[in-house]
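Number of protein chains: 2
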Amino acid sequence: MATLIDGHPSDKVSALDRGLAYGDGIYRTVELLNGVPRLWRWQWQRLVEDCARLSLPCPDEALLLAELAAAAQGIERAVAKITLTRGLGQRGYAMPADAVPTRIVTASPWGGYPAERYSDGVTVRRCDLTLSRQPLLAGIKHLNRLENVLARSEWADPSVHEGLLFDEDGGVVEATMSNLFALKDGVLYTPRLDRAGVTGALRAWLIDAVPALGLAMKEGSLAEVELLAADALLLTNSLIGVWPVAAYRHAGGEARWRDFELAHRLNARLAAEA
Amino acid sequence: MATLIDGHPSDKVSALDRGLAYGDGIYRTVELLNGVPRLWRWQWQRLVEDCARLSLPCPDEALLLAELAAAAQGIERAVAKITLTRGLGQRGYAMPADAVPTRIVTASPWGGYPAERYSDGVTVRRCDLTLSRQPLLAGIKHLNRLENVLARSEWADPSVHEGLLFDEDGGVVEATMSNLFALKDGVLYTPRLDRAGVTGALRAWLIDAVPALGLAMKEGSLAEVELLAADALLLTNSLIGVWPVAAYRHAGGEARWRDFELAHRLNARLAAEA
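Chains as they are written, first to last, in our numbering: chain E, 1 to 274; chain Y, 1 to 274.
Please note that a few of the clues may not be correct.
Quick list of in silico lysine-lysine cross-link-like pairs, DSSO-like style, CA-CA up to 30 Å [said to hold, decoys possible]:
(1) E:Lys12 - Y:Lys141
(2) Y:Lys12 - E:Lys12
(3) E:Lys141 - Y:Lys141
Because the hints were derived from the structure by calculation, they are not lab data.
Starting from the given sequences, assemble the full structure and let the hints guide the process.
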């Protein structure tokens, strides 16, 4: 794995970094083909928005692209991670007025997920953890991810690929590392992420792609009963692309789906995307 | 500042540490006098509990004490920070079965807070941020502290020393870096921290000390109207000790208190504590 810290080859950060002390920063996971990030338009837009939400100085786009290319040099298909923190901190939560962000770019070879996850669909479970509600952080891909860690640690069964997370009102929000879409009668529904959850770049891409597919798009609340009645469920993130859900294990049993046509269409469209 | 990482002098941690990636870890702030941590019994108990709550392997107590003493060597009065993370991670939220925690101990000279904060009391404000509710993380001094960062960044006025944080139900939970107590008719009230907030070591010490002061102790919900009617408000943490609140600025104006006798008694008792 190649790592650049503020542009310099290094795999160490200061023990006083606010990213470590408080999780005071953001990150993005990006796939690169021959050094070129996929879906960059959506990745960059999300990164800019997340920086603005946390009053974090945003890095220069050209600089970041150059660092991604440098970290992934010689790797045909790479997974890169960009982490931006509020930099060094002394004691105290207040954001330093003169904060100098730390910029961490790592890249390593990426072989993709097993083909069966796309052909046969994935199995998901309902997580016990209920996501908390914080509108000021909702949507941001920030470094405070203990809820995801706890939720993902609820199961060890390798035949379960993801876990769905619900909020206090009983609405589904997302999965532990992916966003969720539900198709019903030609309408693609996805949870609104204004109180919890992470807005993935692929989620943003998919929302933009929906009109061209002849579907309607709707963001809103989604209860479990609506998931069970859906024609198809999809999970998305920048590395996954689109996984069709084959089985959903919940308190009342297991629901199954067999029509993965929309996921296949979306993945084909995604493959054609620059 | 002296820093030990896993016992070795260093001020750098791996860029792949899960403490940085996810805030997957805990910390404690400890005052040391000639290398001996104050209130260690309460600090250690909280640390053990927090490790258990997050399934984080707990370090050896004697080892940690030796590292604290080594980091603070030659410093008469030091502030130390212990950070424990789940160690190196690869991609993915799941807790590695073979996680080797990272142990960071830093120490630096500590001059204490200005004497007026004890003699004249402090000024606090009501924060706009509403704390989210997550029983699985409540009470733990974990590294997911973006809510504290955002709340503390609501004000820059140096005459305001702390900000009170409320939950969705309108109950006060804590302040941005301290716990809150309210005295009323010989009963000391403090918010229950089972849905949000951080259980400070000094909070635990104070709860243990209350019976000897001839007061009753009650943990429960505390609304703003009850704060305004209190005979005294106190803020506590391991570095502060006990600050009496002189003024509380809220939407309806400013409430003031002048009787700081309980804070003074508690600080005297604290000074006598080993």
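For each hint, the structure was consulted:
With a C-alpha separation of about 24 Å, the suggested pairing of Lys12 of chain E with Lys141 of chain Y holds against the 30 Å cut-off. Taking the CA atoms of Lys12 of chain Y and Lys12 of chain E, the gap is near 6 Å; set against the 30 Å cutoff, the hint holds. Pair hint Lys141 of chain E plus Lys141 of chain Y holds up; C-alpha atoms about 22 Å apart against a cutoff of 30 Å.
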